[in-house]
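Chemist: Each chain, letter by letter, is given below.
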Amino acid sequence: MTLTTELKEEFKDLYDKVKLCYQCGTCAGGCPVFKQYSSFNPRRVMEKLLAGDISAEIFDEQQIWYCTGCYTCSTRCPQGIDICHVINDMKNIAVKIKNAPPGIITEMTAILETGITAAKSTSALRKRDKLELPEIPPPDMTEIQKLMEVTGVIAKLNALKEDAK
Amino acid sequence: MSKYAFFVGCTIPYRVPFIETSLRKTLPIFDVELVDLPFACCPDPGGVQAFDSVAWHTLGARNLCLAEEEGLDILTACSGCFESLKIINTHLKNDPDLKSKVNEHLKDVDREFKGTIKINHFAEFLYTEIGIDKIAQKVTNPLSGIKIASHNGCHFLKPTDIMQVDNPELPQKLDHLLEALGAETVPYLNKLACCGAGTRTTDMDAALKIAHEKIVGAELANADALVTVCPTCYVSYDIGQRLMTKHFEKTTLPVFFYAELLGLAIGLDFSAGFKMHTIKVQEVLDKLTA
Ligand code: SF4
Ligand code: SF4
Numbered sequence: 002m003t004l005t006t007e008l009k010e011e012f013k014d015l016y017d018k019v020k021l022c023y024q025c026g027t028c029a030g031g032c033p034v035f036k037q038y039s040s041f042n043p044r045r046v047m048e049k050l051l052a053g054d055i056s057a058e059i060f061d062e063q064q065i066w067y068c069t070g071c072y073t074c075s076t077r078c079p080q081g082i083d084i085c086h087v088i089n090d091m092k093n094i095a096v097k098i099k100n101a102p103p104g105i106i107t108e109m110t111a112i113l114e115t116g117i118t119a120a121k122s123t124s125a126l127r128k129r130d131k132l133e134l135p136e137i138p139p140p141d142m143t144e145i146q147k148l149m150e151v152t153g154v155i156a157k158l159n160a161l162k163e164d165a166k
Numbered sequence: 063m064s065k066y067a068f069f070v071g072c073t074i075p076y077r078v079p080f081i082e083t084s085l086r087k088t089l090p091i092f093d094v095e096l097v098d099l100p101f102a103c104c105p106d107p108g109g110v111q112a113f114d115s116v117a118w119h120t121l122g123a124r125n126l127c128l129a130e131e132e133g134l135d136i137l138t139a140c141s142g143c144f145e146s147l148k149i150i151n152t153h154l155k156n157d158p159d160l161k162s163k164v165n166e167h168l169k170d171v172d173r174e175f176k177g178t179i180k181i182n183h184f185a186e187f188l189y190t191e192i193g194i195d196k197i198a199q200k201v202t203n204p205l206s207g208i209k210i211a212s213h214n215g216c217h218f219l220k221p222t223d224i225m226q227v228d229n230p231e232l233p234q235k236l237d238h239l240l241e242a243l244g245a246e247t248v249p250y251l252n253k254l255a256c257c258g259a260g261t262r263t264t265d266m267d268a269a270l271k272i273a274h275e276k277i278v279g280a281e282l283a284n285a286d287a288l289v290t291v292c293p294t295c296y297v298s299y300d301i302g303q304r305l306m307t308k309h310f311e312k313t314t315l316p317v318f319f320y321a322e323l324l325g326l327a328i329g330l331d332f333s334a335g336f337k338m339h340t341i342k343v344q345e346v347l348d349k350l351t352a
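For the protein sequence lines, the chains are A and B, in the order given. Using the working numbering, the letters of the first sequence correspond one by one to residues 2 to 166. Using the working numbering, the letters of the second sequence correspond one by one to residues 63 to 352.
Next up, chain A with everything else stripped away, as it sits in the complex (with noise of 0.2 Å):
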């Protein structure tokens, strides 16, 4: 994979987070996912890191999008080092190389629509109907429109959406 000068640094950045590693394997030890599902390993996210090893693998929709944002790996690693948000780095690079999972698409694409991620199904208004709840008020979409626009949301969701035809 080549990638732009722009995702080189952005790779440094990165390794500078990380460089203090010493490959305890403490944050995996206590990573839920990691529990459940050994080919998501924060570990060797981190080994990969350390070693500069940028090829797509890394940025895998098998790998990083499987961290569920917990952590606790960060609330444990003996050298400070926050892999969830190291994690949650990685995932914005994914997004900029196109490597992002069905449902960021999906969940992205209804906040655009509606300002929100859950629908307004019949069913849902017809429960809070009967729990006379009272209407929230909805936010002004212009404005959600174009935060997305000025922060280039709408340009990568629409390349992701190309790449995904």
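Everything labelled a hint here was simulated from the structure, so no lab data went into it. Ideal Cβ placement from N, Cα and C applies to all residues, glycine included. One should not assume that every hint holds.
Computed list of lysine-lysine pairs in DSS-like fashion (alpha-carbon distance at most 30 Å, straight line) [what the hints assert, rightly or not]:
#1 B:K155 to A:K9
#2 B:K155 to A:K13
#3 B:K308 to A:K36
#4 A:K97 to B:K163
#5 A:K97 to B:K169
#6 A:K99 to B:K163
Derived DEER-like restraints, expressed as beta-carbon distance ranges [said to hold, decoys possible]:
#7 B:L305 to A:D17: 39 to 47 Å
#8 A:P135 to B:Q226: 56 to 64 Å
#9 A:S122 to B:T307: 18 to 26 Å
#10 A:E163 to B:F310: 33 to 41 Å
Chain A is already provided as a structure; the job is to place chain B with the ligands on it using the hints.
Modeler: Structure of chain B with the ligands alone, referenced to chain A:
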């Protein structure tokens, strides 16, 4: 009455609205007035942050601006919203470069992040601002005779340096909040385990397997119910138990949201909402009135 901007989020109103009822009915009893504002998604600390960190901060800052403009602190009952809003608020207050980048974007919608408000999670708020004693004083129907496995979940407590709610490796406040209602809390295997929701968008089966560990732990401890303070954790365990039958033997551990039990203990009638739970809770209710 103290006024708060009520950040209801996406999951509570449209997936588990009975949790919203429990909040709107209990909080005023403690002199809290909830104000609804046109907030959007917090945005999701998993999906949106993973997609683009700057966009996540910017969309979150817009929500913060709405509350700032009203001069109100935020009160939320979703740990995901709590995480997003509290991290974004803290980052923007402490990182001038990020703040100016985000404010540059916010100019396009005529808003500016100023950093004038505080973000509260309702459970932390009850513990810190209302206090265990005051809660215990309001209890008319103590929840005696049931054993509860408390589930703190991840984002109520972590990242610890920012959330600063409780010790993530030995959390106790939620147990104290439950004990204030007269309930017995039990230690159990996998008490600190994550509900797995963050993996749902990638692999539902893996997420269900993660959630199942918690049910096993609570059942081994003979808990009558599992209690959460996050709607997403609630969904993972309540609706989740039905989906888990694909991989595991059927379990029927009742799951409650803390405010539902608070309401029960102070004498409120939540029967309409209890009927909307996936796992039936009648057995627990019967035990309480026995
Ligand atoms: S816990 Fe920290 S030091 Fe140990 S392997 Fe994981 S990242 Fe490296
Ligand atoms: S944040 Fe991700 S890598 Fe770390 S323990 Fe949780 S699931 Fe595992």
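Chemist: Of the hints stated earlier, which fail here?
Modeler: Failing hint: just 8.
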